[in-house]
Amino acid sequence: MSRYFRAKVVSNLPLNKKSNLLTLRPLERAKNPEPGQFYMIEVGNSYDPLLKRPFSYFRKTSEDIQFLYAVRGKGTLLMKDFMEGEIINIIGPLGTGYPKPSRGYIAVLIGGGTGIASIFSLAERLTKNAYILHGAKCREELLAVNELKSLKGESFICTDDGSFGEKGTTVEILEEILTQNSRLKTQNLIYACGPRAMLEAVSKLAADKGIKGYFSLVEYMACGFGACLGCAVKTVHGYKRVCKEGPVFPIEEIVW
Amino acid sequence: MDLTVHIGNLKLKNPVMTASGTFGYGEEYSEFINLNRLGAIVVKGISLEPMEGNPPPRICETPCGMLNAIGLQNIGLKRFLGEKLPYLRKFNTKVIVNILGNTIRDYIRLAQALEDERVDGIELNVSCPNVKKGGIIFGTDKKMLGRLISGVRKSIKKTLLITKLFPNTSNIHEFAKIAEDSGSDAISLINTIPAMAIDIEIWRPKLANITGGLSGPAIRPVAVRMVWEASRAVKIPVIGIGGTMNSDDAIEFMLAGATAIQVGTANFLNPKSTVEIIDGIEKYLKKKGINNIVDIIGALCYA
Ligand SMILES: Cc1cc2nc3c(=O)[nH]c(=O)nc-3n(C[C@H](O)[C@H](O)[C@H](O)COP(=O)(O)O)c2cc1C
Ligand code: FES
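Chains as they are written, first to last, in the working numbering: chain A, 700 to 955; chain B, 8 to 310.
It should be emphasised that the hints constitute simulated quantities derived from the structure, not laboratory data.
Since we're looking at a predicted model, the values are computed, not measured.
Glycine residues also receive a C-beta, built at the ideal position from the N, C-alpha and C atoms.
Just so you know, not all the hints are guaranteed correct.
[Claimed, not checked] Calculated pairs, DSS-like style, for lysine-lysine (alpha carbon to alpha carbon, straight line, at most 25 Å): (1) A/Lys730 - B/Lys294; (2) A/Lys939 - B/Lys91; (3) A/Lys933 - B/Lys294; (4) B/Lys184 - A/Lys707; (5) B/Lys294 - B/Lys279; (6) B/Lys91 - A/Lys943; (7) A/Lys773 - A/Lys799; (8) A/Lys939 - B/Lys85; (9) A/Lys933 - B/Lys91; (10) A/Lys943 - B/Lys20; (11) B/Lys20 - B/Lys293; (12) A/Lys943 - B/Lys213; (13) A/Lys943 - B/Lys85; (14) A/Lys939 - B/Lys149; (15) A/Lys773 - B/Lys91; (16) B/Lys184 - A/Lys943; (17) B/Lys97 - B/Lys149; (18) B/Lys85 - A/Lys933.
[Said to hold, decoys possible] Stretch by stretch, here's where chain B covers chain A in the computed footprint (C-beta under 8 Å, at least three residues): (19) 842-851; (20) 924-938.
[Unchecked claim] What follows is a list of derived Cβ distance ranges for each label pair: (21) B/Asn253 - A/Glu823: 13 to 23 Å; (22) A/Pro798 - B/Arg86: 26 to 36 Å; (23) B/Gln119 - A/Lys933: 45 to 55 Å; (24) A/Arg771 - B/Lys165: 49 to 59 Å; (25) B/Pro228 - A/Ser849: 50 to 60 Å; (26) A/Trp955 - B/Asp206: 14 to 24 Å; (27) A/Glu785 - B/Pro70: 40 to 50 Å; (28) A/Lys933 - B/Ile217: 15 to 25 Å; (29) A/Glu783 - B/Tyr309: 28 to 38 Å; (30) B/Glu38 - A/Leu850: 30 to 40 Å.
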């Protein structure tokens with residue numbers, strides 16, 4: 700079972716103005732991913748753009764692997780043109796995913812923008828109750844709202860402009876939840892993936908309140924499997940590879 | 008069909024090697040390919056002491072290429088010998104160690120330690136000096152390059168010595184000649200080309216290090232020309248590096264005069280690139296009715 704394999708595009712559906720849901724079916728036997736792991740996806744077979752793109756998986760069904768992606772640059776623009784039946788090369792599952800919440804902790808999951816993909820992969824596997832927070836700039840940028848409703852946990856959706864869900868940020872909701880739970884003496888554990896500004900704010904809050912947790916980080920990647928050292932992130936133990944030791948790191952180990 | 012080539016005293020089962028810095032210490036690729044099939048593995052550049060490398064972002068994409076400024080991050084000689092070399096030894100392939108230092112003495116100490124451990128070859132990386140730490144620009148100064156090579160050559164006995172040339176020069180054939188005259192058994196070229204990219208939205212360089220090295224298909228025509236020039240200037244074998252993505256590219260380098268090739272950036276896109284290139288070369292030779300690969304080395308026709 701090689702982690703380098705071919706997959707067929709089952710569908711590539713627009714979810715909103717910017718984002719698509721991509722469903723791929725491996726044509727060879729492939730390993731099953733763990734929540735928080737990612738795949739390197741080939742966006743074209745000319746050499747421009749040259750590199751594969753890393754994407755956390757969103758869902759794993761019995762046959763397929765699903766991804767959420769926002770069109771941001773050259774690579775994702777080409778992905779938008781993926782046609783049903785097209786065959787592409789992918790590598791994965793890669794990296795080290797989220798550890799399970801330990802006994803007695805209630806998980807608070809936060810997905811900012813497309814960061815919800817990685818968070819969803821974890822949310823779907825949790826067997827206990829959890830909070831799931833999803834935020835975006837506006838209604839058009841929210842993702843997987845219906846899927847979130849079907850999850851076991853309690854979900855909160857917010858937008859910066861109030862066009863859907865609560866008006867505000869996931870960090871504000873997180874603060875409320877943590878404050879409430881500290882009164883109830885409930886122990887929380889944070890899991891977050893999203894824009895850097897959001898993660899920095901969450902990490903401050905977590906440090907203030909003495910709460911532990913994990914972030915899934917994003918960095919430019921050339922290989923995705925540990926060979927190029929291009930994806931380094933500074934941690935208290937020196938540089939680590941986002942693609943290998945990460946993408947998930949304990950919050951307190953990340954040096955901002 | 009015979010794919011065997013000779014680089015100095017080394018007999019390679021085929022001309023396909025990995026390029027330093029793109030193949031880790033081999034382990035990362037063992038799940039994708041059979042490492043025994045490679046002509047040689049050239050490992051990530053090793054220095055005497057571990058180096059932590061540059062701050063991120065360290066890479067960015069450019070048209071048909073990529074820039075990197077990894078900053079020579081490596082685990083240092085001691086850990087390489089203790090943790091990585093024993094693993095590589097398990098395979099039936101040659102192990103060539105790329106080394107880098109700030110002074111000639113650094114290079115000599117590395118070369119001697121590696122010869123003691125009986126590695127198959129040493130590749131001198133003279134292209135990335137850490138000038139801030141008192142490093143000397145060996146790659147662009149002919150006199151210093153000559154001194155470095157002869158210093159290392161005298162300090163080791165029979166281990167294969169390859170000098171990896173820096174492409175930022177207008178007279179590569181002179182550097183090739185100096186490498187030969189100073190006792191290098193072979194030369195490899197090219198290393199990445201110094202380059203830069205800017206994010207015009209935020210007016211900032213795309214790499215934290217500001218500049219980086221360009222690799223990938225974008226540099227191949229430059230590399231082919233340099234391999235051609237260098238191979239005409241020297242008798243020692245030339246190893247062609249730069250943007251080899253498939254067997255056609257490998258053959259192009261060999262026709263230009265390369266005895267072997269190294270595959271770098273292609274490994275990132277497709278971790279099986281090296282073995283696919285070996286298979287492709289074999290197919291090409293069969294199609295052309297050639298039994299021995301050495302027949303295509305430098306076989307370029309001019310008229
Ligand atoms: C991420 C990366 C790291 C590299 N590290 C080294 C190194 O440690 N030592 C060295 O001599 N060359 C290093 N190189 C240069 C390659 O070995 C090779 O010369 C260059 O990339 C051109 O070949 P390519 O176009 O096939 O990649 C590195 C290249 C890349 C892309
Ligand atoms: S992307 Fe190459 S080491 Fe992480």
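Hint check:
1. A threshold of 25 Å between alpha carbons decides the hint, and for lysine 730 of chain A with lysine 294 of chain B the separation of about 38 Å lies outside it, so the pair is violated.
2. Restraint check for lysine 939 of chain A and lysine 91 of chain B: the C-alpha separation of about 18 Å stays at or below 25 Å, so the hint holds.
3. In summary, the hint linking lysine 933 of chain A to lysine 294 of chain B is not supported, as the alpha carbons are separated by about 51 Å, beyond the 25 Å threshold.
4. The hinted pair formed by lysine 184 of chain B and lysine 707 of chain A fails the criterion: a straight-line CA distance of about 52 Å is larger than 25 Å.
5. Taking the CA atoms of lysine 294 of chain B and lysine 279 of chain B, the gap is near 23 Å; set against the 25 Å cutoff, the hint holds.
6. Among the hinted pairs, lysine 91 of chain B with lysine 943 of chain A is consistent with the structure: their alpha-carbon atoms are about 17 Å apart, no more than 25 Å.
7. Only pairs whose Cα atoms come within 25 Å are accepted, and lysine 773 of chain A paired with lysine 799 of chain A is rejected, the gap being roughly 35 Å.
8. Our distance criterion of 25 Å between C-alpha atoms is met by lysine 939 of chain A and lysine 85 of chain B, whose separation comes to about 20 Å.
9. As the CA atoms of lysine 933 of chain A and lysine 91 of chain B are separated by approximately 23 Å, the hinted pair is consistent with the 25 Å bound.
10. About 32 Å separates the Cα atoms of lysine 943 of chain A and lysine 20 of chain B, which puts this hinted pair outside 25 Å; it is violated.
11. About 17 Å separates the Cα atoms of lysine 20 of chain B and lysine 293 of chain B, which keeps this hinted pair within 25 Å; it holds.
12. Taking the CA atoms of lysine 943 of chain A and lysine 213 of chain B, the gap is about 23 Å. The hint holds against a cut of 25 Å.
13. Our distance criterion of 25 Å between C-alpha atoms is met by lysine 943 of chain A and lysine 85 of chain B, whose separation comes to about 23 Å.
14. Pair hint lysine 939 of chain A plus lysine 149 of chain B does not hold up; C-alpha atoms about 37 Å apart against a cutoff of 25 Å.
15. Among the hinted pairs, lysine 773 of chain A with lysine 91 of chain B is inconsistent with the structure: their alpha-carbon atoms are about 38 Å apart, more than 25 Å.
16. For the suggested pair lysine 184 of chain B and lysine 943 of chain A, the alpha carbons sit about 42 Å apart, so the restraint of at most 25 Å is broken.
17. The straight-line distance between the Cα atoms of lysine 97 of chain B and lysine 149 of chain B is roughly 38 Å, outside the 25 Å bound, and the hint therefore fails.
18. Distance hint between lysine 85 of chain B and lysine 933 of chain A is fulfilled; the C-alpha atoms sit about 23 Å from each other, no more than 25 Å.
19. Counting residues of the stretch 842-851 of chain A whose CB falls under 8 Å from any CB of chain B gives 0; the rule of at least 3 is not met.
20. Counting residues of the stretch 924-938 of chain A whose C-beta lies closer than 8 Å to any C-beta of chain B gives 12; at least three are required, and the coverage claim holds.
21. Our hint of 13 to 23 Å for asparagine 253 of chain B and glutamate 823 of chain A is violated, since their Cβ atoms are close to 40 Å apart.
22. As the Cβ distance of proline 798 of chain A to arginine 86 of chain B is approximately 27 Å, the hint placing it in 26 to 36 Å holds.
23. Distance hint check for glutamine 119 of chain B and lysine 933 of chain A: the Cβ-Cβ separation is about 34 Å, which falls outside the suggested range of 45 to 55 Å.
24. Between arginine 771 of chain A and lysine 165 of chain B the beta carbons are some 54 Å apart, a value that agrees with the proposed interval 49 to 59 Å.
25. For proline 228 of chain B paired with serine 849 of chain A, a C-beta distance near 54 Å keeps the hint of 50 to 60 Å intact.
26. The supplied range of 14 to 24 Å is met by tryptophan 955 of chain A and aspartate 206 of chain B, whose beta-carbon atoms lie about 20 Å from each other.
27. The hinted window of 40 to 50 Å between glutamate 785 of chain A and proline 70 of chain B is violated, with their beta carbons roughly 23 Å apart.
28. Roughly 18 Å separates the CB atoms of lysine 933 of chain A and isoleucine 217 of chain B, a value that falls within the hinted 15 to 25 Å.
29. Taking the beta carbon of each, glutamate 783 of chain A and tyrosine 309 of chain B are about 50 Å apart, not inside 28 to 38 Å as hinted.
30. Roughly 33 Å separates the CB atoms of glutamate 38 of chain B and leucine 850 of chain A, a value that falls within the hinted 30 to 40 Å.
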